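Asks: As a plain string of letters, each chain reads:
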Amino acid sequence: EAGVTQFPSHSVIEKGQTVTLRCDPISGHDNLYWYRRVMGKEIKFLLHFVKESKQDESGMPNNRFLAERTGGTYSTLKVQPAELEDSGVYFCASSQGLAGVNEQFFGPGTRLTVL
Amino acid sequence: AQSVSQHNHHVILSEAASLELGCNYSYGGTVNLFWYVQYPGQHLQLLLKYFSGDPLVKGIKGFEAEFIKSKFSFNLRKPSVQWSDTAEYFCAVNGYNTDKLIFGTGTRLQVFP
Chain R
1 EAGVTQFPSH SVIEKGQTVT LRCDPISGHD NLYWYRRVMG KEIKFLLHFV KESKQDESGM
61 PNNRFLAERT GGTYSTLKVQ PAELEDSGVY FCASSQGLAG VNEQFFGPGT RLTVL
Chain D
116 AQSVSQHNHH VILSEAASLE LGCNYSYGGT VNLFWYVQYP GQHLQLLLKY FSGDPLVKGI
176 KGFEAEFIKS KFSFNLRKPS VQWSDTAEYF CAVNGYNTDK LIFGTGTRLQ VFP
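Chains as they are written, first to last, in my numbering: chain R, 1 to 115; chain D, 116 to 228.
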């Protein structure tokens with residue numbers, strides 16, 4: 001069974017540019033999550049999809065971030081325009097089952113560097 | 116505020132030494148507790164979890180953790196580490212009916228042969 005995949009693995013962009021990150025969850029997982037780790041700090045929750053609906057987007061830092069999950073399969077996270085503080089590793093995870101007790105399976109992450 | 120504290124940022128051990136990584140949390144209400152591990156070049160993966168019942172939980176690769184509710188702690192232990200345990204370890208918590216994981220800052224463990 002294929003795990004969670006993310007694309008690209010690395011992205012280097014200049015301040016003000018736009019970047020789109022993609023996440024493909026494990027097939028059949030209705031829950032999809034985005035997290036971010038800024039260097040040296042904790043992994044922080046960004047948002048949670050259940051199928052195509054945003055269940056919880058309380059962690060989205062500001063309106064420069066837009067997450068979508070059309071059709072309830074893969075998800076994209078767009079940063080527009082990117083700022084220096086957006087640099088970090090963006091993780092995607094997916095799960096199935098009841099809230100709170102299901103295991104979240106993580107992807108390898110996308111390392112974003114904003115210059 | 117909801118938070119997780121991992122007091123050990125970097126731990127260096129020799130093989131066969133015992134390991135204990137501290138984790139304390141601040142969270143109102145019933146919690147679920149997790150330890151995740153990220154081996155070099157690999158994905159974050161679940162090491163063990165506590166939902167309810169026996170506060171001593173066993174995970175993969177000989178790891179265990181004990182939930183002490185009165186201390187708001189969920190420390191990770193292993194009696195004898197191996198070189199292959201070199202990794203970064205993350206403690207995390209979520210609420211009873213929410214998927215939002217709150218992570219600690221991680222502990223980098225280096226084990227030397």
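The set of hints was computed from the structure by calculation and includes no laboratory data. Careful, some of the hints might be misleading.
Stated by the list, open to error - In silico PhoX-like pairs for lysine-lysine, Cα to Cα no more than 25 Å straight-line:
1. K186(D) - K44(R)
2. K184(D) - K173(D)
3. K54(R) - K184(D)
4. K44(R) - K184(D)
5. K51(R) - K184(D)
6. K41(R) - K215(D)
Stated by the list, open to error - Covered by chain D, per the in silico footprint, the following chain R stretches (three or more residues, Cβ under 8 Å):
7. 21-35
8. 38-45
9. 54-68
Just so it is clear, the structure is predicted and the values come from calculations on it, not from any experiment. Glycine included, C-beta positions come from ideal geometry on N, C-alpha and C.
Asks: Give a verdict on every hint.
Replies: Okay, the hints, checked on the actual structure:
{"no.": "1", "hint": "K186(D) - K44(R)", "in the structure": "24 Å, holds"}
{"no.": "2", "hint": "K184(D) - K173(D)", "in the structure": "17 Å, holds"}
{"no.": "3", "hint": "K54(R) - K184(D)", "in the structure": "32 Å, violated"}
{"no.": "4", "hint": "K44(R) - K184(D)", "in the structure": "24 Å, holds"}
{"no.": "5", "hint": "K51(R) - K184(D)", "in the structure": "34 Å, violated"}
{"no.": "6", "hint": "K41(R) - K215(D)", "in the structure": "17 Å, holds"}
{"no.": "7", "hint": "21-35", "in the structure": "holds (count 3)"}
{"no.": "8", "hint": "38-45", "in the structure": "holds (count 6)"}
{"no.": "9", "hint": "54-68", "in the structure": "holds (count 4)"}
Checked against the numbered hints above, the structure breaks hints 3, 5 and satisfies the rest.
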